[in-house]
Amino acid sequence: MVDIFRGYLVSMEAYGGIEPTPSNSMIVVKIDCSQDDIRITYNTDESYELRITQELGEVVRVSITAPTAFGVRHALETLSQLAAWDDLAGSVVLVNEVFVSDRPFYRHRGLMVDTSRNFIQLGDLYRTVDGMSYNKLNTLHLHLTDAHSFPFDSPSVPQMAVYGAYSERKKYTVTDLKALNEYANTRGIRIVPELDGPAHSAYGWQWGPDYGLGDLALCVNRLNRTNVCIGPPCGIQNPVNENTYGVLELLFSDLKEAFSPDVFHLGADEVKFGCWNITEEIVDWLEDQGRGREEVDFYYLWGYYQNRTLEKVDTVYGNIPVIVWTSSLTEENFVENVITPERYIVQIWTESSEPSIASLYNKGYDLIFSNSDNWYLDCGYGSWVGDGNNWCSPYKGWQLLYDNDPLEILANQGILNPDPQRIWGGEAAMWTEQTDGGTLDGKLWPRGSAIAERLWSNPPGKWRTAEKRLVHMR
Amino acid sequence: MLLLLVNRSNLKDISVNKDMLGQFIDLLLFIVLPRVIQAFESPWAYQCIEDKCVRVLKSTPHEDFISLDTCKLICGKGGTLWPLPTGPYKLGDQVVFLKKEKIVFRKLASPCSDVDMLIEKMMTVLHGYFEKMEEDGLKVTVPHGADTEHELSLDIYINRCEKQITLQTNESYSLWVNTEGTSTVASIAAETCFGARHGLETLSQLISWDYAFGSLIMQTSATIIDAPAYPHRGLMVDTARNFISLEKLLHIIDGLAHDKMNTLHLHLSDANSFPFDSKRVPQMAKYGAYSPRKVYSFEDLKELGEYANVRGVRIIPEIDAPAHAGNGWQWGSEYGLGDLALCVNESPRSQGACYDPPCGILNPVNNYTYDVLESIYFDLMQALNPDMFHMGGDEVRFNCWNNTNEITEWMTLNGLSRTEEDFFHLWKYFQNTSLQRVDNVFGRDTPVILWTSSLTDQVAVNGHLDPGRYIIQVWSGSRDFTIPRLYYTGYRLIFSNVDAWYLDCGYGSWVGDGLNSCAPYKSWQVMYDNDLDYLMRGFGIRPDPGKILGGEAAMWSEQVDDATIDGKIWPRLSAVAERLWSNLPERWRFAERRFVHHRERMLLKGIMGDAVQPLWCHQNEGFCYN
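Line by line, the protein sequences give chains A and B.
Per the UniProt record's numbering, the very first residue in the first sequence carries number 1; after that it's consecutive.
Per the UniProt record's numbering, the very first residue in the second sequence carries number 1; after that it's consecutive.
Each statement offered as a hint is correct.
Here are the simulated distance ranges between beta carbons:
| id | chain 1 | residue 1 | chain 2 | residue 2 | range |
| --- | --- | --- | --- | --- | --- |
| 1 | B | D561 | A | Q81 | 18 to 24 Å |
| 2 | A | Q81 | B | T60 | 54 to 60 Å |
| 3 | A | P158 | B | T60 | 17 to 23 Å |
| 4 | B | E303 | A | T41 | 51 to 57 Å |
| 5 | A | S353 | B | L584 | 41 to 47 Å |
| 6 | A | E257 | B | E303 | 50 to 56 Å |
I should point out that these hints are in silico values taken from the structure, not numbers from a laboratory.
Just so you know, even glycine gets a beta-carbon here, dropped at the ideal spot from N, CA and C.
Based on the provided sequences and hints, a complete structural model is requested.
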């Protein structure tokens with residue numbers, strides 16, 4: 001962490017491009033850190049105090065006090081923002097009298113990056129982690145897989161990437177991800193992996209019959225997309241094939257090896273029942289269970305899938321919290337009977353005006369906000385499936401991202417004093433149907449900085465009070 | 001608050017009271033090493049079925065499996081050509097493996113040595129493409145061993161001695177590719193070397209890397225007769241709202257060449273900054289550049305012009321006037337020349353002096369203003385020798401002039417009062433006087449371009465700007481009746497209509513809440529479908545082809561700089577390029593398959609265009625658009 005900080009100073013000088021003016025100033029940095037956590041989790045205390053005082057002569061003392069190394073890291077980040085290259089002085093300059101006492105407002109401050117619709121190269125993920133650390137964001141949520149491709153090269157189930165990766169180079173090995181995770185941890189960032197299921201699964205899942213395991217996914221690449229799935233491409237996991245859960249368990253273990261995550265994301269969005277309803281294997285199973293083919297029966301099936309999958313999560317990870325997206329299920333009044341609020345955190349991608357947000361809170365779910373009307377980074381471009389602009393248009397300007405206040409959203413729905421422990425924070429979502437490495441930075445930043453300040457500082461002011469600093473930050 | 005000078009080398013004494021921090025420092029020593037990519041045997045292959053590349057499992061019983069790269073070259077109308085040829089063309093359905101060392105330049109028939117030298121440079125550019133294809137290919141594929149004795153010989157025939165591309169340049173070419181045994185001959189015949197360059201560009205699109213086999217592959221047979229539909233096919237880049245570096249402009253020219261675009265219009269200056277470091281008037285950049293490193297020297301522009309010409313691109317410089325001028329013009333009084341610009345950096349909210357911050361408008365009653373303009377023109381002429389010059393001329397508001405004593409006194413002296421008509425008179429005075437300075441520098445025959453404005457609205461009715469001299473660049477919307485008025489008055493038109501060909505729209509506002517002024521975002525589909533014949537027919541006009549010169553996509557830079565400009569220009573500019581080169585009757589759905597391929601090909605050449613679809617759509621043709 002200290003080396004990273006030194007690196008910032010080096011780049012400031014490099015920016016100057018001249019031999020710095022000689023100076024006799026001596027900066028002495030003292031760090032006090034009382035706890036020995038070496039992995040950042042959702043429970044990490046990220047607070048810190050930073051003091052700069054100038055003593056007699058040219059000695060400047062910097063004192064950093066923080067409970068954890070991750071608080072120390074944030075303090076160093078702040079310290080780097082108190083220094084800059086000064087053109088007129090021809091030197092790096094540092095503010096000489098400072099006191100900062102600081103802690104984040106929310107515990108979960110993140111970006112979600114989809115690595116399936118288009119593949120995101122490791123180098124781009126590393127750079128994204130760098131950018132997050134400058135903004136004191138602490139969570140990189142990887143939407144690792146989707147119907148389009150399966151870039152995770154699982155050593156236990158190599159077929160997934162063989163069938164599902166876009167190409168040989170568009171995949172991540174466990175070694176790759178492990179290294180990424182270490183890199184992120186050093187920068188105060190934890191990685192939350194998501195394996196989206198049961199829907200959003202197609203490519204990578206087609207090999208079951210070839211290997212004698214039956215259909216692991218159904219309706220892969222069906223063209224009739226309106227009734228069967230939300231696509232293209234179609235595809236949903238086969239919840240009545242025991243081998244599906246076997247594969248999931250293996251994937252979970254490999255992901256544990258890579259990330260040892262403290263929460264796991266199960267996806268669970270946009271399940272359409274059309275495909276299950278036209279699949280004989282499913283219909284027969286429902287009949288065996290004494291069920292019919294009504295919507296409620298398919299919710300029963302979905303619940304069965306969630307429970308079986310959660311068992312596998314427990315086997316691999318123990319009883320860690322799991323996250324699911326809002327979906328038709330989370331809008332149902334029986335949702336808590338299918339997914340229990342004791343275990344499930346709900347990530348809201350519904351719009352901020354959706355009344356289901358309040359009802360999810362009232363049912364006892366912890367919440368993470370990614371409401372698509374303000375915190376979606378992919379909106380406002382041309383459609384990728386027809387005329388016009390994409391579904392969540394228009395583009396969300398940094399001003400909207402900045403002004404999106406989860407507490408205000410809850411207050412507007414009548415929840416005035418929510419339990420702060422239950423509002424985890426938020427993530428800006430970078431879905432990648434229309435983004436890959438070449439243009440990722442420009443879509444994440446500087447808007448990622450706007451959400452970062454909302455989640456760290458949660459200031460009472462709106463964007464105008466932040467404009468000058470945001471432009472500087474960019 | 002006092003600022004201290006700090007030297008990085010003095011930051012030694014960091015005391016850490018916990019050993020654990022040391023562990024973190026160890027972690028930091030971790031270096032990202034280049035990965036060796038483990039090849040896996042992909043279970044997928046392709047078949048060309050009904051003009052589509054269809055992905056199939058290799059385990060499916062079938063004989064005609066081909067790789068995706070081969071399929072793209074031979075399957076579907078036009079293969080991977082972008083833009084599509086306008087003359088008759090025919091592509092074969094076979095490929096051969098090829099080594100780039102076996103591509104030989106056999107014969108060049110041209111009338112003069114200047115052209116020979118240009119062709120040599122163009123060939124170097126072409127070889128650069130193959131090197132990039134191979135370099136990327138070899139990262140993931142083992143080189144193909146067999147069948148690499150195949151040879152490609154290239155013959156080029158050129159008729160004319162023309163060595164600088166202009167609006168008049170004949171860009172047509174013919175390309176024949178024939179294969180017999182282990183020998184392929186590609187012949188390109190063109191009137192000019194710029195036509196031949198387009199032929200080479202097309203040839204490069206008949207060749208690609210096959211990632212399944214680890215080799216360059218090439219179409220074995222092709223006949224292509226081709227010429228552009230419009231002579232003016234361009235991109236405008238604003239270098240004043242934010243600075244765009246020289247390196248980035250050179251890179252943009254590479255992209256224009258891949259698209260067979262022939263015009264880079266530089267909106268060099270605006271009220272915000274003046275990045276052109278004029279030799280004759282160094283004060284302009286000193287006062288007006290954002291920083292000493294955000295400037296173009298005379299030599300920079302000269303290099304840019306020559307680099308562009310080799311790639312079949314001409315540069316049209318614009319010095320916007322009389323409005324959109326401010327920073328850079330503030331030094332007049334200090335140097336005893338009086339006010340060259342007025343209301344500089346005034347807020348647009350004060351008395352409506354301008355549209356956007358910062359305000360600023362030239363002082364049309366100070367003769368030194370014209371002297372300075374002429375000096376700048378002279379530098380630009382010497383650096384770029386353009387065949388057309390752009391005088392800007394948009395968004396003039398009269399409030400600033402109306403509130404300036406020097407102006408109103410001059411108007412009174414010249415028998416004018418202060419009605420709107422009188423201010424139009426003043427504007428025309430400015431336009432005519434500065435045109436004389438253009439004449440002094442570029443000559444009276446050089447066409448001059450102006451943006452549509454309230455002035456061009458006026459003259460369309462009153463006829464004050466000579467239609468023989470002025471070309472009008474239309475940024476008005478496609479249904480604005482100024483278009484037929486200008487057309488009927490006799491102006492030649494260049495289209496950049498804001499509702500289709502503006503690349504900057506649809507982002508957050510930079511001056512308040514909401515989205516920027518021309519939102520929503522113009523998708524590639526909208527850009528592709530901006531058919532100028534259709535647009536004119538909307539006004540009941542069957543346009544005289546000589547009067548519609550073509551168009552430009554406009555990259556205004558309030559919200560873009562080097563970091564993201566590739567992704568805002570491309571791939572959408574490629575859509576404009578096919579509209580202007582091929583002008584097909586079809587709409588975007590017809591082009592989608594080739595368009596997405598072209599974007600991938602441009603990525604390989606370093607043009608980081610935005611993604612428009614999941615890669616899945618590229619690998620599964622016909623699934624994303626039915």
